[in-house]
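**Student:** Just so you know, the sequences run in chain order A and B.
When we follow my numbering, the leftmost residue of the first sequence carries the number 1, and every step to the right adds one.
When we follow my numbering, the leftmost residue of the second sequence carries the number 1, and every step to the right adds one.
Calculated from the structure, these hints are not laboratory results.
Don't take every hint at face value.
Reference listing, derived: stretches of chain B covered by chain A, where coverage requires no fewer than 3 residues with Cβ under 8 angstroms from a Cβ of chain A [as the list claims (entries may be wrong)]:
id: 1; segment: 87-101
id: 2; segment: 148-158
id: 3; segment: 217-225
id: 4; segment: 262-269
id: 5; segment: 273-280
For glycine and all other residues, C-beta sits at the position ideal for the given N, C-alpha and C.
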Amino acid sequence: MVLEKPRPGDVPEAAGRLRTFRQAAGPGAVIALLGLLPFLPVLGQNRYLLSLLIGTFVFAVFAMSFDVLLGYTGIISFGHALFFGTGTYTAMLLAKYFAIGFWTALAVTPILAAALALVIGSLSLRVRGVYFAMVSMAFAEFVRLLAEKFSKITGGSDGMSMQVVPDWAYGPRHRVELYFLTLGLAVLIYLVLRRVLRSPFGRVLVAIRENEQRAAAVGYNVFAFKLGSIVLSGVVAALAGVMYAATENFVVPSVLGTETTISVLLMSIIGGVGTLGGPALGAVIVRLTGTVLSSYTERWRLVLGLLYALIVLFLPGGLAGLARTWRRKAPGRAAS
Amino acid sequence: MGLVAWLSLQGLTVGLLWFLIASGLSLIFGLMNVLNFAHGALYMLGTYGALMVYLATGSFILALIGGALLGAVLGALMEMVAIRPLYGRPLFQVLMTLGLILVFDEAVEAIWGPYPIPFAVPAALQGTLTVFDRPFPIYRIFIIVVGLLVWAGVQLFLSRTRLGVIVRAGVENREMVQALGINIRQVFTGVFALGGALAALGGAVAGPFEGAHPALAAENLLPAFIVVVIGGLGSYTGSLLAAMLVGLVQAFVGYYMPELALAVNIALMATVLLLKPEGLLGERRG
Numbered sequence: 001m002v003l004e005k006p007r008p009g010d011v012p013e014a015a016g017r018l019r020t021f022r023q024a025a026g027p028g029a030v031i032a033l034l035g036l037l038p039f040l041p042v043l044g045q046n047r048y049l050l051s052l053l054i055g056t057f058v059f060a061v062f063a064m065s066f067d068v069l070l071g072y073t074g075i076i077s078f079g080h081a082l083f084f085g086t087g088t089y090t091a092m093l094l095a096k097y098f099a100i101g102f103w104t105a106l107a108v109t110p111i112l113a114a115a116l117a118l119v120i121g122s123l124s125l126r127v128r129g130v131y132f133a134m135v136s137m138a139f140a141e142f143v144r145l146l147a148e149k150f151s152k153i154t155g156g157s158d159g160m161s162m163q164v165v166p167d168w169a170y171g172p173r174h175r176v177e178l179y180f181l182t183l184g185l186a187v188l189i190y191l192v193l194r195r196v197l198r199s200p201f202g203r204v205l206v207a208i209r210e211n212e213q214r215a216a217a218v219g220y221n222v223f224a225f226k227l228g229s230i231v232l233s234g235v236v237a238a239l240a241g242v243m244y245a246a247t248e249n250f251v252v253p254s255v256l257g258t259e260t261t262i263s264v265l266l267m268s269i270i271g272g273v274g275t276l277g278g279p280a281l282g283a284v285i286v287r288l289t290g291t292v293l294s295s296y297t298e299r300w301r302l303v304l305g306l307l308y309a310l311i312v313l314f315l316p317g318g319l320a321g322l323a324r325t326w327r328r329k330a331p332g333r334a335a336s
Numbered sequence: 001m002g003l004v005a006w007l008s009l010q011g012l013t014v015g016l017l018w019f020l021i022a023s024g025l026s027l028i029f030g031l032m033n034v035l036n037f038a039h040g041a042l043y044m045l046g047t048y049g050a051l052m053v054y055l056a057t058g059s060f061i062l063a064l065i066g067g068a069l070l071g072a073v074l075g076a077l078m079e080m081v082a083i084r085p086l087y088g089r090p091l092f093q094v095l096m097t098l099g100l101i102l103v104f105d106e107a108v109e110a111i112w113g114p115y116p117i118p119f120a121v122p123a124a125l126q127g128t129l130t131v132f133d134r135p136f137p138i139y140r141i142f143i144i145v146v147g148l149l150v151w152a153g154v155q156l157f158l159s160r161t162r163l164g165v166i167v168r169a170g171v172e173n174r175e176m177v178q179a180l181g182i183n184i185r186q187v188f189t190g191v192f193a194l195g196g197a198l199a200a201l202g203g204a205v206a207g208p209f210e211g212a213h214p215a216l217a218a219e220n221l222l223p224a225f226i227v228v229v230i231g232g233l234g235s236y237t238g239s240l241l242a243a244m245l246v247g248l249v250q251a252f253v254g255y256y257m258p259e260l261a262l263a264v265n266i267a268l269m270a271t272v273l274l275l276k277p278e279g280l281l282g283e284r285r286g
């Protein structure tokens with residue numbers, strides 16, 4: 001028996017086009033606003049704000065990659081920092097020992113990350129659920145230990161500094177250039193991820209999240225799709241890592257550690273999993289509140305941790321989910 | 001031969017400390033399918049709690065009891081406040097416990113600061129013995145003794161008391177236990193308290209050995225996970241065997257190739273997962 005696979009385009013054409021437009025309007029407006037920001041009179045000259053946003057773009061990409069696993073496929077990885085940190089270290093080491101520049105690093109790292117994700121993914125997919133979380137955490141810790149122990153190459157726990165980003169975007173005088181570089185990459189990655197997650201591949205991931213047995217019964221190779229999800233997510237996380245190297249030009253082994261995974265988890269959950277916009281929003285919120293809170297208290301992470309716990313308990317869709325229900329309840333939208 | 005015996009004792013010491021964390025993790029998972037990522041934090045809080053009691057009273061026995069009690073109370077609170085509302089959503093339970101790591105870590109730094117606080121070995125347990133011509137601290141012997149006593153005590157509790165039987169039956173088949181008219185939810189809180197007490201007691205005993213510092217939670221969580229995976233989640237005896245194994249590997253590899261000790265243990269875990277994902281003594285689940 002041949003079963004018809006679900007196709008994303010199965011809607012009347014006009015309605016589909018209208019919906020596409022409405023879905024694109026929100027992100028489009030945000031991107032346009034961010035693109036215009038450096039040209040605004042006062043805000044655009046504020047280097048501090050620009051730096052803050054640059055960091056946010058990097059972590060938005062990282063958070064989106066995490067969401068491919070957690071939000072779309074339903075896989076909990078507590079070792080996602082492994083891929084992020086691998087990206088950062090790869091870019092730094094390539095620059096330091098082979099004088100390889102940013103763009104080449106950006107092209108090489110995904111290949112490395114994909115290979116790493118294939119190996120680690122096929123090992124850890126032998127177990128599921130919490131076991132996967134635990135095993136992925138162990139792998140990340142393992143690589144963090146390597147980065148710490150091979151201090152002759154990596155600088156150990158003191159870290160290493162190296163200019164990764166091209167000269168035209170390096171240093172405080174070129175903040176605007178770096179801003180556009182990171183924004184451009186983030187938008188590009190967002191668009192690609194959006195396309196991939198709306199393709200049949202992405203639909204199958206969601207099907208696996210909803211009911212793994214059913215997806216398998218319909219005839220999908222669940223293992224292969226999960227592995228694909230890990231590879232996709234690992235590659236994007238590694239790209240975020242390269243962007244991080246470009247913005248910081250400095251790295252310590254803790255980028256590979258659990259604290260990095262916890263940061264991305266905070267962003268994803270607070271923003272809301274299962275959409276790409278949610279984690280990106282979460283990255284903005286966590287970075288901004290972190291900056292604001294840290295001027296009042298040294299223990300601002302405690303506040304974020306409690307906020308996180310409250311959201312896990314009472315608001316499983318995160319802030320994006322809250323916005324969605326709120327919009328659905330609003331009059332005039334009930335029919336659509 | 002002397003070196004082998006000496007290293008074995010070293011291995012038993014760390015192994016038993018990890019057993020105390022891992023056994024609680026394993027029991028909690030076995031009974032309620034919750035993997036508590038914040039368990040390392042309970043170990044750390046055991047160290048700090050014991051240190052506070054020790055500084056206040058000067059009695060080491062009271063310090064150990066105080067540390068374990070703190071762990072029990074925090075474990076029970078965690079279950080009631082953060083875990084219980086999420087029993088229908090296992091994914092979020094795991095996410096919650098990872099977030100709690102952040103809360104506990106930050107709280108510890110807020111209260112006691114980021115720097116290590118020394119924890120003196122009590123006078124009665126100071127000094128060293130000679131084991132095959134090598135000095136071996138008496139305090140490590142004490143850790144081994146306490147670890148074995150706790151193992152035997154919990155083993156007796158599980159096999160000889162009514163509550164212990166309910167816990168073991170719950171690990172085997174939760175629905176059947178409920179069908180027999182036992183309120184398993186109350187047992188959940190109790191097992192969380194027991195797991196918290198075991199981890200915190202481990203932390204308290206380890207105090208004079210490691211001092212109190214905020215990295216304790218993270219440093220001990222991973223070895224405990226390795227122990228649990230190798231032993232089999234939900235298996236109490238498995239935890240003990242795996243803890244001994246992991247402790248011995250740590251001691252022997254750590255002596256000859258100190259860089260590789262933890263790496264070898266992670267490799268050991270990966271091997272077990274590949275060949276027998278349910279662990280040495282665990283039962284296959286899901």
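**Student:** Looking back at the hints listed earlier, which ones does the structure fail to meet?
**Tutor:** 2
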